[in-house]
Structure formats: C-alpha cells, structure tokens
Amino acid sequence: MKVPVTITVNGTPHHAEVEPRRLLCHWLRDDLGLTGTHIGCDTSQCGACTVLLDGQAVKSCTVLAVQADGCEVTTIEGLARDDRLHPLQEGFWERHGLQCGFCTPGMILCAVDLLRQHPQPTEEQIRHGLEGVLCRCTGYQNIIAAVQYAAERLQPATPQKVG
Amino acid sequence: MFPRAFEYQVPGSIAETLELLAADPEETKVLAGGHSLLPMMKLRLAAPRRLLDLRRLRGELAYTHTTDGGLAIGALTTYHALLAAPAVAQRCPLLVEAADQVGDLQVRNRGTLGGSLAHGDPAADMPAVMLVLEAQIEARGPQGSRRIAAPDFFQGLYTTALAPTELLTAIHVPPLPARAGAAYAKFRNPASGYAVVGVAALVALDAAGKIATARVGITGVSDHAYRATAVEQALVGAEPTPEALAAAAAHAADGIDPLEDVFASADFRRHLTRVQTARALRRAVERARAA
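Protein chains in written order, with this note's numbering: chain A, 1 to 163; chain B, 1 to 291.
Just chain B, same shape as in the assembly (with noise of 0.2 Å):
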C-alpha cells in the first residue's frame, strides 16, 4: 500500500509553515511523526493534496520545559523523548506512564505529542491525560496565537478545534494540586496498541485524607476522550475507600454510548471502562497517599 501522490514541501520556519497552510487550508496537512497521518493516507482514508513536513521546525517544537510549577511541551516532542525528559518526570508522571504505553517503541520513536492530539483519534491515549491535566493547548495561525483548553479542543471523531489554517505548537501543562496522585489504567488492543479503554485518573487528598480534587478522563469509549463528571461528583469530600471508589467508577459510562467495533462490543467497552476507572482511581489514591 502507498499513499496517493502528493506534493511534498518542507518549511523552515512556522511562519512559512502557516503562509502555506493558508494558500490552501483544506488540502494541505502538516505531517510530525507520521504515525497517525500516513497509515490513513495508506489507507487511502487521507489523501491531502499537499504535505508540508515539519521536520525543520524540530529545533522550534521539539522540547520539554518546566514552567511556573508546571510544563511546556513544544508539539514536536516524541513519546520518546517525554520519557527521557527529566523535567516530565518529575513534574508530571502520569505523562510518563501513560507515554510508555503508546503504541510500541518504534511508535514512540516517531510518534508526536502534537501530531496525536491534532489527529484527535477517539482511541488515542494522550487526550485522556490531557483532560485529567487540564492542560492547554496552544495553536498558532493567521491571526497569532491562541490557547485551548483540552475539554473544548476534543470535539468529535478526528475532529479538533484546531482551524485548518493552525499549527499545533506546544501544550502547556499547569502545576497538580497538592497531595496528588495520578495513573493511567489502559487496555489496549493487542494489534494496534491502541486503547479499547484507557482511563487516565488524578486524586488529590486534603490534610483529613479526604478526597479534595477527582478528575477523570476516559478515551476510547465515545467517539472523542471525556471527562467523567458523574464519577468525579461522586468522589469529591469521600473518604478514598475501595468501596467508595468502586461505586464511582460504576458511573464512568453514564451517558455514554460505547463505540463498538469488531474487537469489543458497546457492552464489552462499557463494563471495561468501569472496570480500568476503578484501577486507575485506587492506584491515583495510592499515589496521592504516598505524595
């Protein structure tokens, strides 16, 4: 298999990149990684009439910065070098769990940060963790820059709210509270790597051991990550007892209908996705205690 001919150009700048997306924004696509974009163009389920590579722009957007309590992640950044990046680690684990559990090694060689989110594939894991970061997404176009928080970019389908005309450039991610823990629980499908259900989990505790703070977010399951509203306001002011968090997690799929497809039926992924929120809580509890 082999994509449809294209026209293949290779900016050097992110101005240049933008100037070129705007001369014809609904038949170009910006290519990182590749790992989301080819496969599809393979397929034939892609077929931009122009590519522009971004391998220049690598010494812009390829980066892992701490900031005031929290980090900067230049969208060029590869799976593998978040797990490298001393400052990821440190500051934000889950990253790092849940970036070691993308795809396999020659995936998280090439595959992007940036790259996957733009892609907005409902099975991906990072839009999980970026939900349960409330991280920003920030966008650069015509107009300059903007920021996006994570709950408004995931939008459908392979669907952002990135504007044809916008470059993906870094995502920033705002300091954790307090005595918080963090974990990402996935079941992955055996051939691609992909989540059938990844649930991505963050517990704060308060000084009583309390729950202060529950956010999770779940991919895999609708047709773009959520976050689980209904587990969250069953958690918050709880004591983090198993039976407490099981009872939440039972509400991970409410108002969801599950995707289904020939490896898990809607059922399947429904009582999985409960299940993979309990784990991910009572490892996120575990982790806050020891925080």
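Chain A on its own, in the form it takes in the complex (with noise of 0.2 Å):
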C-alpha cells in the first residue's frame, strides 16, 4: 500500500505517494528525473549516492523514502544559486577534484556536511570525514585541496574575534 509524502527537494515540496520500500535515492531519479544522485555500489559502502537530509549527509540508497516524510533534500542539482556555484562546485573545478566525475556529486554534498561540522577543517579531518565516498580515480589528493579551497572561501572575508 502507498503511504503518502511530503518532501522538500532543494527547496520545492513534493507531495507523492510511495511505496513503503522504495529507496529514497530511486525516488529522486526515478519519479524526480534528478539524476545528479548516482547509485554506485548499492550496498551503503561507495558513497556516490548521497544527499543532504535536513542538513546532514547520507546515502539515499540506504534510506527508505517515506523516512524523509517532512524532510528536507538537497541534492547536487540543489546546490548552485542563481547560476553560481557552490563554493564546493568551485574548488572540485579549480582544484581539479574530479576525473570521471561519478563520486563527485556524493563526495561534495558528503563535504557541506563535514565543512559544517568543521569549517576549519584540517587534512587529517577532511580524510576522515570523507571516508563513506569512494572514488576510482585516485583522486583523492586533488578532492583533499578542492576541500581546502572551499573552506577558505566559506570563511568570512573579515575574521571576527569571538568573545
């Protein structure tokens, strides 16, 4: 039996009836056309499938999409605001983060939430916070700097003094 939804993706809600099983990442491709989600290994280890759910990263084919009930997705295709790439987007192009480009999505939505987590993050952190992303490229030095060159341009021009 289908359950019926609501789920903001990048900013717009849906209303939708799903069936319990289907995968979120299944619902953002197939009824959703956003196709930026990649499904790689299926079996919650590679990482190229993940989105932000509230804020915070995970991979879609290992969430069912009536859990993101009321929730709000942003994919990659949510990422970019009026035709400016996300700081993130910049670095993987300046720094050369990709090859094939199939982690890509995944690598830089997992990077929102570990940059949120850290925005000073050091090298060791940004290795450690993109273990779930696994690229076959062996890119991962240039992901390291594409990283870096975000969150130097996510700092404020101005640094303050706290306290």
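To be clear, the hints were calculated from the coordinates, so they are not data collected in a lab. All residues carry an ideal CB built from backbone N, CA and C; glycine is no exception. Take the hints with a grain of salt, since some may be wrong.
To be verified - Straight-line distance between alpha carbons at most 27 Å, and here's what the computed DSS-like set of lysine-lysine pairs gives:
| # | chain 1 | residue 1 | chain 2 | residue 2 |
| --- | --- | --- | --- | --- |
| 1 | B | Lys210 | A | Lys2 |
| 2 | B | Lys42 | B | Lys29 |
| 3 | B | Lys42 | A | Lys2 |
As the list claims (entries may be wrong) - Here chain B is said to cover these stretches of chain A; the calculated rule only asks that three of the stretch's residues, wherever they fall, bring their Cβ under 8 Å from a Cβ of chain B:
| # | stretch |
| --- | --- |
| 4 | 19–26 |
| 5 | 38–48 |
| 6 | 77–84 |
| 7 | 108–115 |
Take the two lone chains, each set in its own frame, and fit them into one complex as the hints suggest.
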C-alpha cells in the first residue's frame, strides 16, 4: 500500500504517494528525474548516492523515501544559487577534484556536511570526513585540495574575534 | 536492489510500538537509523512483513543524560549525536573514540547506538565497548522494563537477549573505576568500515601504579563480542610494563574459534586480535597514568 509523503527537495515541496520499500535514491532519480544522485555500489559503502537530509549527509540508497517524509533533501542539483556555483563545486573545478565525475556529487554533498561540522578542517579531518565516499580515479589528493579551497572561500572575509 | 514489499507504520509512542510488536512479533521489525536492517532487507536476507519506523520516538529516545557518575543514553541516539554530546566526552571518552570509528560520516549521521546493539552484528564496534563499560541494556516489553547486563545481551550471530516483543530503549553506563584509562583499537575492513577485529580495553591502576582492574572486550572475531578473561586475569596485580601487556595480549583469542571470511582467514584474525589487544592495552595504560 502506498503512503503519502511530503518531501521538500532543493527547496520545492513534493507531495507524493510512494511504496514503503522505495529507496530515496530511486525516488529522486526515477520519479523526480534528479539523476545527479548516482547509484554506485548499492550496498551503502561507496557514497555516490549521498544527499543532504535536513542538512546531514546520508546515503540515499540506505534511506527509504518514506523515512524522508517531512524532511528537506538537498541534491547536487540544488547546490548552486542563481547560476553561481557553490564554493565546493567551484573548488572541484579549480583544483581538478574530479576525473570521471561519478563520485563527485556524493563527494561534494558529504563535504558540505563536513564543512558544517568543521568549518576550518585539518587535512586529517577532511580525509576522515570523506571516508564514506569512494573515488576510483585515485583523485583523493585533489579532492582534499578542492575541499580546502572551499573552506577558505566559506570563511567570513574579515575574521571576527570571538569573546 | 530494493527490499521485499512490507507494511509500514510510524508509531507515535513506545506504548503503541509495543502493541504493534505484540500483534505479530515474528514478522515485525523496528527501524531506527536503518543502517543495519535496510542493507539486509535489500539483499533479501531479511524480509519482515511489517516495519515500524521509530522516527516519531526521537523526542523520547534520543538523549544523553548524566546519571550518578555514569551515563544514560537513549536507544535512538545517533553516533553523530554521541560525538557531539559534551556529557559523553566528559564521562566516557572511550565511547567517543569508538563512535568516531563506526562506518563513515554518513553512517554516523543515521546509525543509532540502540539499533546497532539490537542488530547483534558480530563485527559491530559498540558491543566490545559495552562489554568493557559493563553497560546495562534496557528493554521494554509487555511485562514492563528490564535491564540486561552486556555479557548476557550478546548471544550469537545477529542474536541478542532481546525478545521479539521487546524494544531496546536505553543504555546505562555505570561510573568508571578511579584512575582508569580506556582505548579502542580497530582493524577495519577497508570497504565496509566494520571491524575485522576491534578491541576495547579499560585499565585502572592502584596507588602503587599496578593494575587494579583490566577489562578487554573483543568484536569481529567470534560470532558475538566477548570479554577476553584470560587477558584480564593475567593483568590484575601486574606492573603495566610493555612486556606484561604483550604477554597478556597473547591470550586474546584463547578458547575462540575465529571467524573466517574472504577478507581474513582464522589465523590472520587470531594474529590481529593479539596485536590490536596489545595496542588497546598500551593506550589504556597511558591514559590511566594521565588520569
């Protein structure tokens, strides 16, 4: 039996009837046509399907669409604002953080959460935070550089003293 | 891959969850973060007829409270929340160290402590930690609430003391002994992040600097996490020298017939168990000295 849900995707509320066993990644890709969410291993290991669920990075192959009822989902399609790339997207461009691009949406969305948790991450924190997204082009070095690029861009222009 | 069709319900209270569970206990599963259950359902290793999504119980069951010297942790507390909780960092750094090594960032965002314990995966990290902390696991069922000591809780491959009509609601961590240090040393499967071998160790020193208490919990090696009692017995009363720790760690897999899989043979696992036990003990002693 289908279940009614309301899920806000990239700022737009969607009312839908979904089968409980429908995975969030399938709903995003097949029902909404948001194919930027990639499906890699399908066993919650590779992280290509990572999206933000209420701001937290999650593997959408391991979340049922019904679990996202009432939540906000951000996919890679929702990251740019007014044709301006998100600083992480810009970083991946500027620092050659991708080769084939398959892991890139997951990598970027995971990095959004990482930078939310650690606005000024050390290299070790970046590596630890991105463990859940696998790159097969061995591009990790440039991916780290891309995240560092974005971390710098996301800092306030004038650092303010606290306290 | 996707699961077999199931009926989906979102109970609004613990009482309602227990009623729904009691209606068809063998065919009903509860869903917390879903990071153990959903992968099994996708592989059709599990195919419950009914799924109870606990997301409306987060208000009731996602918390970290300090108790009399210890901690009470709600079953729906995610690893991410454990890592962010000052009470946990202050009372139980071992839990933080281990939680930070579970899966990866995305898994830690969704996965819950209660969900992992109830699942009983032989390679999960938290069972080893629960054994060493001598935690009590609280379950609520039709007859009310009961507390299960960690060694009685883990019983076998995906098998726990939890009855099909019960819901795991909380984890109670008692205060640690005085002058104690603890550590979690893990050799992780590079793909899944699960423990090939995970060793939690807690060492408390007496006033003379000798070992007063030693607790060692090991996961990934047997069909369920176990206390390495031979290691513990060899350490109590001993000077915590590197030699004594290494000699005791050699007993880490005594009496155990280690699991074997495509990634690690039984012999390799036995070897890793001793190596990781020695590492966990060394770090625990360093921390006990600094405490």
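Hints and how they fare:
1. B:Lys210 - A:Lys2: 63 Å, violated
2. B:Lys42 - B:Lys29: It holds: about 14 Å lies between the C-alpha atoms, which stays within 27 Å.
3. B:Lys42 - A:Lys2: 19 Å, holds
4. 19–26: holds (count 6)
5. 38–48: Satisfied; 5 residues make the cut.
6. 77–84: n = 0 at 8 Å, threshold three: violated.
7. 108–115: holds (count 3)
In the structure shown, a violation is registered for the earlier hints numbered 1, 6, in ascending order.
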